[in-house]
Structures are given as structure tokens and as C-alpha cells.
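Produce the entire structure from the sequences given, and follow the hints as far as they go.
Given next are the chains, with one letter for each unit.
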Amino acid sequence: MTVLEGGKISGRQFMSVLVVLRIVPLTLVFSLINSIAHVQDTWITVIIGTVIAIPIAVLITKLSLRFPGKTIIEYSQSLLGPVMGKLLGLLILWCFLCTSIDITRGLGEAYVIAIMPETPILVFMSMLIFISCYAARSGLEVICRLGEDVFYIVVFVLLLTYVLPYTAMRFENLRPILAWGASNLVPPVIANLGYYSQFLIIGMLVPYLNKPEDATRYAVYAVLISGALMVLAAVALVAVFGTTASSWTLPLFSLARMISLGDFFERIEAGVMAAWTVSTGIKLALFLWAASVAVAQLFNLKAFRHLLYPLGTITVAASLFFFESMVELEDYLAKAGAMVSILVAGVTLLLLYAALGIRMAIHRRKGGAG
Amino acid sequence: MLSKALRRLLSRQRTDVAGKGQCASSPDAVLSKRLRENEALIRDAFGNSPDLIVREIRFGVSPGIAVLVVHIDGLVNTALVSEGIIKPIGIISEILESERLPLAQVQDMLKNRLILLSDAKQVSDKAGFLNDIAAGKCGIIVDGSSEAFVCDVRGFEKRGVEEPQSEVVIRGSREGFSETLRVNTSLLRRRIRDPRLWIEEFTVGRVSHTQVAITYIKGIADDKVVQEVRDRITRIDVDSIQESGELEEYIEDEPLSPFPTILRTERPDRVAGALFEGRIAILTDGTPFVLIAPATFLMFLTSPEDYYERFFIASAVRLLRFVSFFIALLLPALYVAVTTFHQEMLPTSLVLAIAAQREGVPFPAVFEALLMEVAFEILREAAVRLPKIYGPAISIVGVLILGEAAVRAGLVSSAMIIVVALTAIASFVTPIFSLSIAVRLLRFPIILLAGTLGLFGVVFGMSGAAIHLSSLRSFGVPFLEPIAPVVLSDLKDALIRLPWWAMDTRPKFTGENDPRRESRGLMPAVPNPQADGTLGAKGKKGPR
Amino acid sequence: MRVRRCVRITALLAIIPVVLSMAGCWSRKEIEDIGFVLSIGVDHGAKEDEIMITAHIAKPFAISAGLSGAVDEKPFWQVSSTGRTVFEAWRNLRQQSPRRPLLHHSRFIVFGEEFARDGIHEAMDFFFKESEVRETNVVVVAKGVKASEILWNEFELERMPAEGALGIMKVAAQELSTTVMITLNEFLQMLEAEGHEAVASRAELVRRPPSEDPRGQLKRETISISGRETGAAAFKGDKLVGWLDKTQTRGLQWVKGKVRSGIIVIEQPEEENKLASIELVRADSTVTPGISDGRPSVLIKVRAIGNLGEVQEDFDPMKSQEAWLSMERRMAEVIRHEIEAALNIAKYEFNSDIFGFGAEIQRKYPKEWTKLKDKWDEEFPKLDVEIEVETSLRRSGLTRRSVQTVRKEEG
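Sequence order for the protein chains is A, B and C.
Okay, so the first sequence: first residue is 284 according to our numbering, each after it adds one.
Okay, so the second sequence: first residue is 87 according to our numbering, each after it adds one.
Okay, so the third sequence: first residue is 7 according to our numbering, each after it adds one.
No wet-lab data here; the hints were simulated from the structure.
Some hints here could point you the wrong way.
As the list claims (entries may be wrong) - Within a straight-line C-alpha distance of at most 30 Å, the following computed DSSO-like cross-link-like pairs (lysine-lysine) qualify: (1) K594/B <-> K353/A; (2) K618/A <-> K135/C; (3) K262/C <-> K381/C; (4) K135/C <-> K377/C; (5) K494/A <-> K594/B; (6) K135/C <-> K242/C; (7) K35/C <-> K245/C; (8) K578/B <-> K291/A; (9) K291/A <-> K594/B.
Said to hold, decoys possible - Here are the computed distance ranges between Cβ atoms for each label pair: (10) D244/C <-> T450/A: 24 to 30 Å; (11) Y449/A <-> L305/C: 24 to 30 Å; (12) D244/C <-> E611/A: 27 to 33 Å; (13) S466/A <-> E200/C: 15 to 21 Å; (14) T376/C <-> Y449/A: 29 to 35 Å.
Here a beta-carbon is modelled for each residue, glycine too, at the ideal position from N, C-alpha and C.
Below you can see the structure in the form of C-alpha cells.
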């Protein structure tokens with residue numbers, strides 16, 4: 284089977300889109316802090332999550348590097364055989380679609396909650412999907428080019444949001460540390476790893492890298508950078524909001540609302556919202572692209588571009604009907620969604636590595652016999 | 087059949103192999119051996135036009151051989167024709183006893199000794215001969231031969247080299263291209279005095295036979311891109327090309343984009359600069375506007391002056407230009423979005439001031455913005471097209487009626503007037519007009535989006551534009567390079583300009599053949615007095 | 007193919023705004039159709055279990071008219087409405103306001119004393135859930151009056167009362183340190199925190215005798231009711247328990263390390279009945295909790311740096327180093343006195359830990375705190391508080407010694 288997409292992406296672009304896709308949920312709906320009972324420990328859980336996420340990212344990348352020029356959908360078929368491989372491919376595809384559905388709904392909800400309550404959520408979601416499909420149609424190269432720029436913009440906006448409310452920060456809010464035992468740390472680590480499980484998309488990106496040998500390095504960088512951004516977010520949020528930090532639906536949005544410098548540099552939360560919108564757009568474009576390429580490769584189609592708008596429509600519809608309310612979405616993201624993502628990533632890795640091990644063992648025995 | 091005709095019409099000649107034009111072999115395509123038939127043919131072809139001059143002279147002592155000199159009045163330099171052709175044939179041949187000379191010898195004599203012009207070539211192709219006459223060359227036909235001479239004696243009224251009107255600089259060359267292709271190539275040759283400046287000429291247009299030249303620096307420009315340009319130009323099959331803008335529409339990568347992907351300029355220094363970056367210039371006869379391809383988005387926001395002024399200032403000015411670009415694109419939309427959707431974004435005193443101004447304005451802010459923008463566009467268009475004498479009238483009407491009276495009457499708010507005025511001025515900052523009209527056009531849908539969905543609409547519109555722009559390519563070069571994709575080495579000459587001694591590499595996508603443009607370590611340094619003790623000592627003792 | 011795609015996309019881009027504008031612009035609100043609420047007050051309604059909301063709405067046309075010339079019209083409008091919940095009362099405002107009231111630009115949330123004494127918990131949630139309310143709003147309790155009354159006050163120097171009050175509050179918090187400026191965000195944190203009771207800003211009315219304008223030219227009435235922001239309101243749980251006066255408030259601010267500047271008046275060392283003023287330049291504090299034998303204690307260390315601003319009697323520090331040092335000691339004494347005043351009223355009168363000592367203990371001894379937490383009400387009045395004040399006088403203005411006048415003895 285041939286690679287459907289002609290473009291090539293650089294290592295830096297690869298890293299950028301990975302960071303963007305990890306920090307999209309951070310930029311507003313920081314579900315880590317929403318799922319922790321005592322917020323003072325949030326930054327520790329982020330560090331723990333990041334440390335665990337590094338081997339996950341490395342495992343996914345290394346696996347893909349063994350099959351140059353093939354996406355995870357393709358090599359899972361060649362490793363596990365057509366039937367099992369297709370089943371696993373469907374699982375991965377379902378995971379991609381779920382992610383798209385979550386973030387679409389998340390963005391719509393944020394707009395309706397925070398900025399324009401009277402507008403139907405469908406408007407935001409369908410326009411977002413439309414623009415993401417447009418980007419995805421232009422190909423991976425365009426998504427990644429823009430992704431790199433969005434990465435710089437988002438990092439800049441995030442750092443501003445962390446630093447500028449310094450007048451409202453009280454760092455003693457961060458104490459005490461680790462006073463509630465390990466049980467306090469588990470839910471946010473799971474939520475965090477749930478998001479990192481979305482790094483399965485590395486399996487779709489590695490074949491298009493112009494220098495695949497750098498992939499592992501950049502994947503690790505991506506985990507570290509996103510981890511650092513989240514640690515800072517946790518620190519800034521707790522310093523400003525204290526124990527109330529976990530009560531905000533959109534913590535970073537509320538954090539940006541606290542910025543007030545010299546009576547005129549204030550009210551910049553819309554900028555945060557804009558940065559969040561474009562990063563969500565990039566992430567959505569990436570996942571829709573991955574999903575449509577996956578569909579094309581699963582069902583041996585020649586082109587993936589025609590699949591984009593149908594997939595987008597399905598995503599909008601699903602994100603409307605999957606979740607009854609924002610409460611449900613948040614609950615899902617922090618608990619069930621995270622567990623499912625971890626499960627899918629775990630099963631995928633386990634199956635593929637097991638198959639790979641068996642293959643190699645057989646191969647070696649054959650080699651030894653021959 | 088069609089393709090044959092096409093190929094003939096697009097007969098391509100390269101200057102370095104000029105004169106080796108292939109002869110057509112079919113009998114009706116070549117000139118006749120009889121002079122009368124040829125004369126009739128020519129007169130017929132031009133419809134016996136009054137400016138067609140067909141002069142018959144006799145070669146050698148009477149009766150001699152009849153020679154026909156054909157040219158178009160007004161296109162040729164008459165003095166040159168009489169000095170270089172008629173005089174030698176008429177007078178000098180008188181002395182020669184050429185009556186009995188064989189035809190071949192006569193022709194040889196004509197070509198090599200008698201026609202005292204630098205450029206003369208032999209043709210027998212009927213259509214080619216007629217086209218040459220129409221292009222302003224002088225044709226000479228000898229009785230009994232189907233071979234004719236064509237000499238370049240073109241001399242017509244043309245505009246001289248003047249200061250470019252559309253790209254003004256304070257510091258830098260005052261030369262601008264003119265309408266004549268040869269003048270324009272000479273301007274380039276004078277700036278790049280190296281044989282590696284290659285010029286290739288094409289004739290485009292079935293009827294207009296417009297000359298189009300592509301120039302590039304051999305060895306720097308990518309041969310594949312040159313071939314691509316060549317291919318795109320040769321496949322054009324139209325009646326006429328009058329301006330490089332027409333040409334542009336036939337050769338650009340994304341014909342349906344509002345953004346131009348080929349840069350046009352009338353400044354030779356700009357073209358020369360682009361050639362040194364490995365780009366290709368396309369010169370069209372009849373227009374001072376030269377096309378540069380591949381072009382990137384940032385090139386449209388730079389002025390040649392950026393490279394002549396000190397780099398701090400140039401960088402600051404460039405940043406200012408980016409800011410004005412975004413003001414021109416977004417300000418009205420942001421105003422609409424903020425005043426109708428996101429009042430929380432403005433400081434309280436400002437929001438109250440705007441609210442007070444809008445008190446009693448009958449239109450919603452979106453409509454007000456659209457109205458004023460359209461009014462301004464009308465004003466601008468009128469100011470451009472109007473004879474200069476009417477200029478003051480337009481400004482009085484514009485200022486007094488549209489500005490002052492509209493605010494007084496409460497039709498628009500004065501904040502909106504300020505926004506529109508700032509937008510208008512910002513749009514004039516863009517150095518290349520073709521980009522600034524694209525921005526003007528895009529402003530309207532973005533205002534509409536802002537009026538329906540506020541900032542989300544603006545972000546939506548801008549994302550759409552960004553996706554579109556980053557999917558564009560100009561002759562293989564990503565249009566948004568070096569911003570998307572980020573190319574670190576090219577950021578030296580992007581949003582800011584580093585000093586010349588630091589910009590040591592050519593742009594990555596166009597200058598790959600010869601990446602370095604200067605040697606390293608050119609940053610000037612003051613001689614160190616410690617190392618060279620005499621310098622410091624001399625300076626001190628000097629006056630005594 | 008490519009052409010068709012582009013045409014389609016262009017058409018879509020063109021159609022979307024048109025369709026959207028036909029479908030109606032849901033969130034659109036023209037700026038002139040909005041009533042910008044600058045302050046909002048919460049009181050009990052006339053009926054039982056009713057909440058009364060008072061909104062202080064700007065009148066933009068009156069402001070701009072005021073800029074171009076004198077105008078009688080007040081630049082604001084005050085309107086009240088009632089409901090069973092804050093949100094209902096707030097929505098009910100639209101029965102009376104032709105322009106849609108918006109809270110985006112509100113600066114103050116004012117509670118009437120009566121309402122605050124009965125507990126503000128039921129009113130708080132609205133202000134956090136509603137996205138229009140910024141967390142930088144200042145929480146104020148009106149002393150002795152209803153919130154609706156205090157919102158009426160006006161200031162001579164600012165046309166908009168909210169701007170005026172905010173100006174006063176900023177200046178008083180920064181240059182006097184005798185008032186607290188508590189934002190909604192801080193207030194919520196204090197309400198939610200364990201071992202930390204809330205304080206809020208306090209506002210009261212100042213009635214001036216109506217005075218006549220000597221020239222009789224100004225049409226504008228002299229403002230007879232004005233506001234004053236000073237002191238603080240102390241809460242226990244969500245209920246107002248009492249007021250801190252100027253001194254006590256600064257005592258509180260000392261402990262919290264929030265004193266920016268201020269004037270400390272001390273008795274002059276050599277002349278007991280003459281006074282000297284010290285301008286504070288910088289101050290900070292640390293609160294260190296300790297636990298010995300299960301008994302909590304707190305050590306407060308305050309460091310203050312000041313300049314000698316004025317003396318009433320002849321004074322030359324160059325002559326007597328001792329006098330200078332004694333001034334520093336007296337300054338420390340005043341600060342200690344202020345802190346004690348605050349401590350005493352909080353401990354014995356309110357029994358409310360407005361200093362957040364409990365929270366400090368929780369930070370340092372989280373395990374012990376779990377035991378202390380439930381009996382903190384009994385523990386807090388018994389808490390051992392040690393105060394250490396370190397002061398230093400740095401400069402004495404442009405002159406080194408005081409102004410000296412030769413006094414002619416009478417008679």
C-alpha cells in the first residue's frame with residue numbers, strides 16, 4: 284500500500300503539533316486541576332504524568348520507526364494479519380474520532396459559557412469543523428506548517444497568561460505539599476496520561492517525517508515542553524486562585540481575566556480564547572486528517588480527501604449527541620475518556636510489540652535453523 | 087493541425103542562438119521568387135495600409151536587379167533606413183558592374199557588404215517575414231530570390247527611463263523600468279555586468295506578438311524552476327498580451343486566490359536583488375511592470391529601501407508595515423466585533439465614550455462599517471481615476487461631506503470615522519499595490535464575519551486566510567516561507583532585516599544552488615589599537 | 007478539478023456570513039443598547055426572603071454632554087429590583103431598564119450591612135458563575151446603611167461615583183493602608199479557605215451640611231452625601247461580625263504584609279506632647295506558626311522602613327543619635343499597638359481568624375491541623391501571638407533638622 288500523502292514534515296513541525304495537541308485541553312479546560320481534590324499537589328502530578336508519558340511516546344515512536352514509510356494502520360495489518368490488524372486499526376480510528384468529538388464539543392462549550400451565551404453551540408462547532416476540514420484537505424504539510432506557528436503563538440500567550448497576573452499571585456497558596464497522600468495524586472495522573480495517549484497519532488506522522496531518525500528525540504521534547512507548560516499552569520493557577528482553583532470550569536480563561544496592569548492592559552482573555560481556538564483547529568485538523576487517512580488505508584481507498592467533510596459532519600453530530608451537558612463532558616474527559624484512551628493506547632502497544640516480538644523470535648529461529 | 091499552428095505562432099527564439107531560425111519548407115509558406123508576387127503579398131497582407139512603405143530600388147547599372155525595401159512608417163528609424171540600406175544599395179552598387187552577377191553573389195554582397203547595419207538575417211518564411219515587418223523591422227527582397235533580408239532598424243517614440251510612480255523610495259535608485267523591453271533588459275545588464283545574466287526571449291500572443299523575456303542568473307537560479315517558467319509561458323495561446331498582469335494570470339500557481347503569488351515591480355534594483363536570490367524575472371514588452379517569480383508573501387511587504395537604510399531603522403519600519411498590514415485587514419472587523427459582541431474588552435471609559443458617540447446612530451455597527459468602507463473605496467477609486475485638477479474637489483467633498491457632515495447628522499459615529507481613516511492610511515503602507523487590493527477585498531468578508539460571530543468570526547476568517555496562504559505555492563516555493571514553514575536561516579530577512587554582513591545566505595528555497603552570497607566575517611571592526619600600537623600613538627601625537 | 011474546488015470554497019466563504027446574518031446574530035448587542043452597570047448592590051428586599059439588587063448604570067450621553075459643557079443631568083442611573091435569588095432579581099431589572107444591563111464593567115459588589123450580617127453565602131455564587139462578572143470586582147460592605155443608599159454617593163472630582171470610589175480605595179489602600187481592597191477572587195478564597203475568615207472593604211456615608219456656592223454660578227448642586235472608604239468589614243463564615251476601624255485595619259494589613267505606605271504618628275522623644283510623623287516606605291511581614299505540646303502559637307515578624315516626614319518641635323538628629331533610635335523604637339511601638347488592637351478585636355470580640363493563622367498552621371503542620379480544625383473557634387482566642395517589630399528610619403526629607411522659629415516670649 285502506498286502512502287497517500289505526498290508531503291514531508293520537519294522534526295520541529297512534528298514536535299510542535301504534538302505539543303499543541305497536548306496543551307489544547309490545557310489552554311482552557313485544565314481537567315487535571317479539575318480532577319484533583321487538593322490543588323496544591325497538581326504540579327507534582329503533572330511531573331509524574333510527564334515522566335510516565337516519556338516512555339509511552341518513545342515506545343510509539345520506536346515502533347513506527349521499525350516500519351519506515353508505513354502508518355500505524357498499515358503496519359498493524361502487516362504485523363497482526365489482516366483481520367486482527369483491521370480490528371486494531373478500527374480501534375485506533377475510533378480513538379481519533381473520539382478525540383475530535385471531545386475537543387469540538389469542548390470549544391463550543393467554552394464559547395457558549397464564557398463569551399457568547401446566546402449563540403447556539405452548533406454554530407461554533409460546525410464552523411470549527413469546517414475550517415479544520417479545509418486545513419486537513421490542504422494536507423499534512425499545511426497542517427504542520429501552521430501547527431508550528433500556532434505552537435509559538437500558543438506558548439507565547441500561555442507564558443503571558445502565567446506571568447501577567449503576578450499582582451494576584453500568592454505563592455504560599457502552594458503549600459502544603461503532599462499532605463494528602465498518594466490517593467490525591469492518582470486521578471490527575473490518569474487524566475494526564477489519558478491525554479498523552481493521544482500521542483498514538485505519532486504512528487500516523489512518523490512516515491511523513493523528512494528525517495525519521497529524529498522522531499524519538501522530538502517526541503520526547505514534545506512531552507517535556509508540554510509538561511513544563513502544564514507545571515507552570517498548575518503553579519500559576521494555584522498561586523492566583525488558591526483552593527478555589529479547582530472550581531473553575533475554564534481555569535486558564537479565568538486566569539487571563541485576572542490580568543490587570545496599569546488600568547489599561549487588561550481584559551485580554553479574548554486573546555487567550557483566540558489562541559485556544561486556533562490550537563483547537565490545528566489539533567482537530569490533525570485528527571480529522573489522521574482519521575480520514577486511517578479510513579482510506581483500512582478500506583483500501585485511493586484518496587482520503589473526500590472523506591474529510593463526511594467525517595467532519597459525523598464529528599459535529601456526534602459531539603452534539605454524545606454529551607448531554609458540559610458537566611458530562613468534563614466528567615468524561617477526566618475519568619472515563621482518560622481510562623479508555625489509556626486502555627486503547629496500552630492495548631495497541633502491547634499487541635503490536637507482542638506481535639513484533641513473536642515475529643522476531645520466529646525469524647531468529649528460522650535464521651538459526653537455516 | 088492545431089498544435090502545428092500553435093507551435094509556429096509560439097516560435098521561440100533564444101537570443102544566444104538568434105538567426106538560426108528554422109526555415110519552413112512547404113511551398114505556400116515561403117516567399118515567392120517573383121518580386122511582383124511578393125510585393126502583392128505584402129500589400130495584401132497589410133491591407134495596403136498607408137503606413138506601409140514599399141520602396142523599389144535598382145541594384146547595379148540600369149536596369150539592374152529590382153530590390154524591394156519594405157517597412158512600416160513610424161516604427162523604423164528612417165535615417166537608418168536611408169543611410170544603412172537605400173544609400174549603399176542605390177549609390178555604391180552603381181559603381182559595380184553587377185548586372186551579370188549571379189543571384190547568389192548578389193545576395194552575399196548585399197548581406198555582407200552593403201547593408202551597413204549590425205543586425206541582418208535571412209528569412210524565407212512568409213509569415214515570419216510579415217511578422218518581422220509588423221514588428222518594425224525592415225525587409226529587403228531581391229527579385230528572383232525567395233530569400234529575404236530582415237534588418238533591425240527599429241526606432242520609435244518611447245518613454246525614457248523615469249522615476250517609478252508606484253514604488254517611491256527616499257534613498258535608492260530613481261530609475262524605473264519603461265515600456266520598451268530592450269531598454270529594460272539594458273537596465274538589468276547595467277546592474278549585473280556578468281555573462282551569467284541570461285535572457286531568454288519568447289513571443290507571446292497570436293496577434294499581438296508581444297515579446298516576453300525571462301531573465302535569471304545562470305548558476306544561482308534553479309534550472310528546474312527556469313524550465314517551469316519557460317513551460318508555463320510557452321503554453322500560453324492567446325490573441326494578445328498587453329500587460330504583465332495578463333501574463334501573470336496565465337502562469338500563476340493558484341489562479342483563484344485573492345492573493346498575488348507573483349510579485350510585480352517597476353524597480354530595476356528590486357529585480358536585480360531578486361535575481362541574486364535565485365529568482366526569475368519576467369519582462370514584458372509594453373509595460374514597465376516586471377514579474378518576479380517565485381515570490382513569497384513577505385516580499386510584498388518589503389521595499390527596496392529596507393536594504394539601503396540602516397538595519398535598525400529598516401527593521402522597525404518593516405515591523406510597522408506588518409502592523410499596518412494587520413490594521414488594514416482587521417481594524418474595522420475588530421471594532422465591529424468588540425463594540426457589538428465583546429464590550430468587556432474595552433476599558434470602561436472608552437466603552438462609555440463609544441456608546442455615547444453611537445447614541446442615535448441609526449445603523450448597526452456592522453452596517454456602519456461596511457457603509458463607511460465602501461464610501462472610502464469609492465473615494466479612493468475616484469481620486470485615482472480623476473484628472474489631477476479635480477483632486478482638491480474630491481478631498482473637500484470627501485472630508486466635508488462624508489466625514490464632518492455625516493457625523494454631525496448622526497449618520498455615523500466619529501469613532502467609526504477614525505477607524506476607517508486609520509484603516510485607509512494603513513492600507514497605503516503596503517508597498518506592493520496588488521497585495522493591498524487583496525487586503526481591501528478581504529476586509530469585507532471579515533467585517534461580515536465579525537458582525538455575525540464577533541471575535542470567533544474574525545478568528546475563523548483569519549484562520550481560513552492563513553490556511554489558504556500556507557497552502558499556496560509560487561513556482562514550488564511555499565508562499566508563507568519563512569513563516570510557515572519556519573525557516574530559521576531566512577528569518578534574517580523577514581519580519582526584521584539583519585545587517586548585510588549577517589545575511590550571508592540566499593533564501594533556502596530559491597538559492598539552493600549557491601547558498602552563500604558573501605564570505606564570512608564581513609562585519610566591520612575597528613582596528614585594535616593594542617595590536618597596532620602606531621595607530622593610537624599617531625592619533626595622539628598628530629597635531630604637534 | 008482544482009478550479010471547481012476553489013470556486014466551491016469561495017462560494018462557501020461568501021455564503022456563510024450571509025446565511026449567518028439571515029439566521030440572526032444571536033449574541034449581538036449594539037453598544038448603545040447596553041446599560042453598563044458600574045456597581046451592583048445586594049440587600050434584603052422589602053418582603054421576607056427577597057433579595058434586592060441595585061444597579062448603578064452609566065448614562066453615556068450624559069457623560070459626553072458633560073465633557074462638552076455643563077449639564078445638570080446625573081451621569082448615572084440607579085435602579086433596584088427584587089427576586090427570590092440574585093439571578094432572578096438581576097433578570098428582573100430588565101422590567102425597568104430599557105437598555106440591557108451588563109455587568110462586564112462593574113467595579114464594585116456592595117452588600118448592605120443588614121444583608122451581610124445575615125450571611126452572604128446565598129448571594130455569592132451568582133457572581134462567580136456569571137461570566138459577565140469579573141473576579142477583579144471589589145467586595146464592599148456598607149456600614150450602617152443599605153447598599154442601595156451607599157451607591158447614591160457622589161464625589162466632586164469624578165463624575166462617575168464608581169470611578170471615584172475606586173480612586174479613593176486605591177489611594178487609601180496604597181498610601182494610607184487603612185483600608186482593604188478585597189477583590190472577588192480574594193474574597194472567595196478567604197471564604198473557602200480553612201482557618202481563614204474573610205474581610206471585605208468597608209464604605210460609609212459622610213453627610214456634609216449643604217453649602218452654598220459663594221459665586222452662585224454653578225448649577226450643579228453641591229454634593230451633600232459623599233462616600234468614605236476606610237477600615238474593613240470582618241466576617242465569620244459568611245456573616246458579617248463587625249467593623250475594624252482605621253487602626254485595627256492597619257494592624258490587620260501589617261500582619262498580612264499588605265502595608266504599602268502610610269503615616270505613623272509618634273510622640274517626639276524629647277517633647278512628650280509634640281508629635282512627629284513618619285512616612286512608611288516599605289514594610290513586610292512573616293507569620294510563622296509553631297506547635298508545642300499540641301498548642302499552636304504564632305510569631306509575627308514585621309519589618310518597616312520609614313522616613314521622617316515632619317516634627318512639631320525642634321529636632322536635629324545630628325545632635326542626638328539616641329533620639330533618632332528612640333524614634334525608631336516609638337515607631338515599632340505604634341505598629342505593635344496597631345497589631346494588638348486588631349488581634350484583640352478579632353480574638354475577643356469577633357472570634358474570627360481574619361489573619362489566616364489557621365491557614366498558616368495548615369500549611370506548615372497539615373497533620374496537626376486536621377485535629378485543630380474542628381476546635382479552631384476555641385483555640386483561636388487562646389492562641390499565643392508573639393509580635394516582633396523591626397523598624398528603621400532612613401531619611402529625613404530635604405532638611406536634616408526641623409524648622410526652627412525663634413519664639414518671642416509674651417509679656
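Supplied distance hint 29 to 35 Å, evaluated on CB atoms of T376/C and Y449/A: 32 Å, holds
Compare the distance between the alpha carbons of K35/C and K245/C with 30 Å, and conclude whether the hinted pair is satisfied. Distance of about 38 Å is beyond 30 Å: violated.
Is the straight-line distance between the alpha-carbon of K594/B and that of K353/A 30 Å or less? With a Cα-Cα distance of about 29 Å, the restraint between K594/B and K353/A holds, given a limit of 30 Å.
Do the beta carbons of S466/A and E200/C sit within 15 to 21 Å of each other? The hinted range 15 to 21 Å holds for S466/A and E200/C, with Cβ atoms some 19 Å apart.
CA of K262/C to CA of K381/C, is that 30 Å or under? 23 Å, holds
Restraint status (C-alpha distance of K494/A to K594/B at most 30 Å): Cα-Cα ~18 Å, so holds.
If you draw a straight line from the CA of K135/C to the CA of K242/C, is it 30 Å or shorter? 23 Å, holds
Between K291/A and K594/B, is the straight-line Cα distance small enough, at 30 Å or below? 16 Å, holds
C-beta pair D244/C, E611/A: status relative to the range 27 to 33 Å that was hinted: 30 Å, holds
Assess, step by step, whether the Cα of K135/C is no farther than 30 Å from the Cα of K377/C, and give holds or violated. 33 Å, violated
Keeping to a limit of 30 Å between CA atoms, is the pair of K618/A and K135/C held or broken? The given pair, whose Cα atoms are some 24 Å apart, holds under the 30 Å limit.
Agreement of K578/B and K291/A with the hint, judged by alpha carbon distance not exceeding 30 Å: 24 Å, holds
The earlier numbered hints that this structure contradicts are 4, 7.
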